[in-house]
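Going down the list, the sequences are from chains A and B.
This note's numbering numbers the first residue of the first sequence as 1 and each following residue consecutively.
This note's numbering numbers the first residue of the second sequence as 154 and each following residue consecutively.
Note that these hints are calculated values from the structure, not bench results.
C-beta: ideal position from N, C-alpha, C; glycine also.
Be careful, since some hints might not be right.
Simulated coverage check for chain B against chain A, where a stretch passes if three residues somewhere in it have a Cβ under 8 Å from a Cβ of chain A [to be verified]: (1) 163-171; (2) 219-231; (3) 261-268; (4) 278-286.
Derived DEER-like restraints, expressed as beta-carbon distance ranges [said to hold, decoys possible]: (5) B:260 - A:83: 16 to 26 Å; (6) A:149 - B:193: 38 to 48 Å; (7) B:171 - A:146: 29 to 39 Å; (8) A:36 - B:231: 31 to 41 Å; (9) B:260 - A:102: 29 to 39 Å; (10) B:286 - A:41: 35 to 45 Å; (11) B:214 - A:61: 29 to 39 Å; (12) A:41 - B:270: 46 to 56 Å; (13) A:149 - B:195: 16 to 26 Å.
Below are the chains, spelled out letter by letter.
2 protein chains.
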Amino acid sequence: MLGRTYDTQVCSAARALEVIGERWSLLIVRDALFAGATRFADFQRLGIATNVLTKRLDSLVDSGILERRSSTDHPDRAGYVVTQKGLDLAPVIITLTQWGDRWAAPDGPPILYRHAGCGGAIAEQTTCDSCGQVTDLAQIHVVHGPGMTGSPS
Amino acid sequence: MLGRTYDTQVCSAARALEVIGERWSLLIVRDALFAGATRFADFQRLGIATNVLTKRLDSLVDSGILERRSSTDHPDRAGYVVTQKGLDLAPVIITLTQWGDRWAAPDGPPILYRHAGCGGAIAEQTTCDSCGQVTDLAQIHVVHGPGMTGSPS
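Let the hints inform the model, and build the full structure from the sequences given.
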């Protein structure tokens, strides 16, 4: 499998893509997080082939992003729920959305993120813990952290 | 191609994945943004098969994320440079990294993002323009924006 996976990459972005980089996986999480999707039929709205959807849901359960919820009393409530590991993908989906809003949304943003309660607009902001908000993304560089072992990538 | 692409999805996250969701594309952008990769040989460090790398670089150029830079005076400087559209992917890569740091980095973060000049730690923060920082990601919901046409997804 050399070269077909990211598992030789010592980088958390690569490891994240190894888990949620399969086509459709992030959109399944998006619908679970933000569109109230819980049942298999809910995710079929994505238009994925049934066998692919089954594989992706199984994979998301295996990696702890979704959990299966069964209910013998209320079979109609059986389905999938998002774990904390899945919830933590919200910022990834929001930054993807922001990029798409800027570069691939000629008619304006199709979807807006809002804060429950106050109704404020949600955004991901690039911040610096020393001087505040980062206005020029080109001013970001990388250094090795404690988890850097093996050859850098 | 029904069901094989995201192009029926009225959602900027889906449109973003349509452009940069191919395996390796985001890691190529990562190396261009943060590892100083400009030449074909630089990107070969990723361990991608040469034919796949060629396709991905061509695709990133076609979608305006990278630009080819040629230099007849300095052929050794020829290669690829990141456009503003590519630079705007930095927050996507940083949120992916943050998720991987939390959920897929048992030895600690392999790579840390720093702010040039002040050296501060860079992070993506989920913010609300009404009440400030969002501490509970479960409190985010979505509403239709001006670009929502056709069936919601």
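Now the hints, each set against the structure:
no., hint, result
1, 163-171, "holds (count 9)"
2, 219-231, "violated (count 0)"
3, 261-268, "holds (count 8)"
4, 278-286, "holds (count 7)"
5, B:260 - A:83: 16 to 26 Å, "holds, 23 Å"
6, A:149 - B:193: 38 to 48 Å, "violated, 27 Å"
7, B:171 - A:146: 29 to 39 Å, "holds, 36 Å"
8, A:36 - B:231: 31 to 41 Å, "violated, 50 Å"
9, B:260 - A:102: 29 to 39 Å, "holds, 35 Å"
10, B:286 - A:41: 35 to 45 Å, "holds, 36 Å"
11, B:214 - A:61: 29 to 39 Å, "holds, 38 Å"
12, A:41 - B:270: 46 to 56 Å, "holds, 52 Å"
13, A:149 - B:195: 16 to 26 Å, "holds, 22 Å"
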